[in-house]
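Peer 1: For reference, the chains in residue letters:
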Amino acid sequence: MTESSAAHEPAPPQPPAPVSAPVPDAAAPTGLAAQPAVPAALELRGLWKKFGSKIAVAGIDLTVPAGSFYGLVGPNGAGKTTSLSMATGLLRPDFGQVMVLGQDLWADPVKGKSLLGVLPDGVRLFDRLTGEQLVTYAGLLHGLDRETVAARTADLLAALDLTADARTLVVEYSAGMTKKIALACAIVHAPRVLVLDEPFEAVDPVSAANIREILTSYVASGGTVIVSSHVMDLVQRMCDHVAVIANGHVLAAGTVDDVRAGASLEDRFVQLVGGRSTGEGLAWLRTSSV
Amino acid sequence: MVAHLVRLKLALLRNGLRRSVWQVIGLVVGLLYGLGLAVLLLVGLVALAVQDDQELAATVLLLGGSLLVLGWWIVPLVAFGVDATLDPQRFTTFSIPRRSLLAGLAIAGLVGIPGLVTVLVALTSVTVWWRTPAAVVAGLVGAVLAVALCVVGSRATTTALAPLVMRRKVREVATIAVLIPMFLLGPIMGAVGSGLESISDTFPEVARTLGWTPFGAPWALAVDVAAGQWAPAAAKLAIGLVTLAALLWVWDRALTRALTGGEQREGPRAKARGLGWFDRFPATPVGAVAARSLTYWLRDPRYAGAVILVPLVPVLFLFLGGRQLSLLLSAPIGALLFGWGIAADIAYDSTAFWTHVAAPIRGTVDRWGRACAALALGAPATLLMSVVVVALTGRWDLIVPVVGYSLGVLATATGASSFISARVVYPVPKPGENPFSTPQGSQTAAMVSQMAGMAGILLLALPSTALAVAAVLTGSMWLGLLTAVASIALGGLFLVLGVRMGGVQYDTRAPDLLTTMRGFA
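First to last, the protein sequences are chains A and B. Start counting the first sequence at 11; every next residue gets the next number (my numbering). Start counting the second sequence at -16; every next residue gets the next number (my numbering).
These are computed hints drawn from the structure, not numbers from a lab. Treat the hints with care, since some could be wrong.
To spell it out: a stretch of chain A is covered by chain B in this simulated footprint if at least three of its residues, at any positions, have a beta carbon under 8 angstroms from a beta carbon of chain B; those stretches are [stated by the list, open to error]:
#1 145 to 153
#2 239 to 248
Computed cross-link-like contacts, DSSO-like style, restricted to lysine-lysine with a CA-CA straight-line distance of at most 30 angstroms [to be verified]:
#3 K64(A) x K413(B)
#4 K413(B) x K60(A)
#5 K121(A) x K60(A)
Predicted model only: the values in this text are computed from it and were never measured. Backbone N, C-alpha and C fix where the C-beta goes; we use that ideal spot for every residue, glycine too.
Work the whole structure out from these sequences, hints included.
Peer 2: Right, dumping it as structure tokens:
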């Protein structure tokens, strides 16, 4: 109940604090921030995924250090969602390995998934539940007890400005509200690693700022966040690490400063990905005729 | 535009086929069925044409034709939901002239097996009038008019009623309203059938009357012309044309509303009090799954349908057999339906299933939770039904085997469903969709898995069934006791086995099920 005391200044879930971690985790005894000895928060090793004849992800290797705020950027259809789905146990890779804090996720999904908080993109929610019920559901599924779930749900709904709609069915929510309630579901169990696919899509600026603050303080307290986005500016400001993905390959990965190498992330991204069509294209669009 | 929309419909059909082999099988089965029906009808029409009784020909044409038109208007609403392949809402952003859109959608509505059969039959019906050339011409005009009435009428009813059907609350009530007559179709048809026998002499009279209605008018046109009655023929042509115009007007208005009104929002937002079932179930993963499932059982029309059907089972039996021993059967059948209710549980979750996949839970947790929800509703309902049917038959000496056997069936069906729903997913109406909309091409996969599942349950329940039949027929108290004990024990065993095996399936296949369902979306 400690976190509910700070009602006006919503406390982010405290990731690695052993008291709140519901997982009997013997393999990772240190809850401290990134040390060389601590295994990477998330490690993708040679992930491949093919849908029919289309190769969505072609051998992605990625190491997300513990305690980092990691951005995943790429053009539409680059394989971001596919990669993140495989990294969170929602999509079975054809080849490759996913390590969550040193645990092989696909070898022992239950163990790995207890460390993860997931916000997938382009999927439904159990939207016949109210917002409050949905977050409660997510918490209970992760093994929290009733009081903890109730306190955290209240905190999260307040932090995300959803308290007024707590008892409205999620099916009636707007796109932004739906995104926020899904985010609440992802963090209610105080995961050690948060994987968020497009968390800011359709979210209003005020809520986005609130979410950013929650995530930043979560990272400051030792948690790890991986977000995918195609808003370069946001990633440059918010993240300390970034990976650029295109056509199912990692084009560049590392700290934001290393990757952008002096340029803005957006310019660097365009340079890496290519496909910028400069010149006189769409000349007809300039004329007001037709 | 017409060509565009027809091509679009064909492309949708073709791409659908490319996606899964089940759709190909579904189309082939549907085609065979449709062709068979068409051949039967054509042979019937030819037979009608070569016999000499013009009165009989007219009667058959009018009755059958009226039924055909009426079917086009009503069946899509009830059985298949709104044809979603060419949902007018999808054309909102294109500036298509209304006239072209109407024509295109109407013609495209003919693309498909029902349209094909209708056109074939309508055109062949003309052969009946080969003796009178003038009637042949009238018949052709009538046939075209009838086909137009069919297609435009079906578009008009579905489009006009779509906003109503799309409203959640209305839909839920409609589910009840529509399910009941559908479910009781058998007894109703029986009653009508026996009624028909006594009034078959009046068929020609009925047919003549139908000829003056919008359903029968286009078919009556040729009848009157063949009889040389020109004034009534003109009147019937007018009836047909006016009806067509009225339908076009209704459709046009409905389409305007659909295209400009955007999504119909409900007035007051649905609220709920507190945490509902989450407060009443233990705060464990299994309890949470059970609470969530139970909430859906009562709040989602796709489940509520099953809940509503079950009390109708005894009503059905009462209709069919009266207060005889057969009425007792309705208790285990109701129990079977309840247990079967979770056989497509994961498919009903659709992609929301990711919540379970992302959670650190074993398959048995998911399975037990869903089974508990089915049992929490099914067990009291089964008990109640057993007592009611025993009371109605007055055979209180059979209460023990009836209750025991029904509970055993409930447990067996729940266990089997727990296994099946983790084994296969097939496209079902998505959350929030019309519970009657059948996703394209899903019928065959759904039917095969349902038939296999049902057969499996019947097989598993065979020993208990044999005992129960013996107990009821002999009325022996000891046999009754044995039935109850054996049924419940076997049912419990199958429940545990089904949940365990389903849990293993879930553990190995959950992400793959999710991937499959993403493909349906």
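Peer 1: Of the hints given before, which are not true for this structure?
Peer 2: Of the numbered hints, just 2 does not hold.
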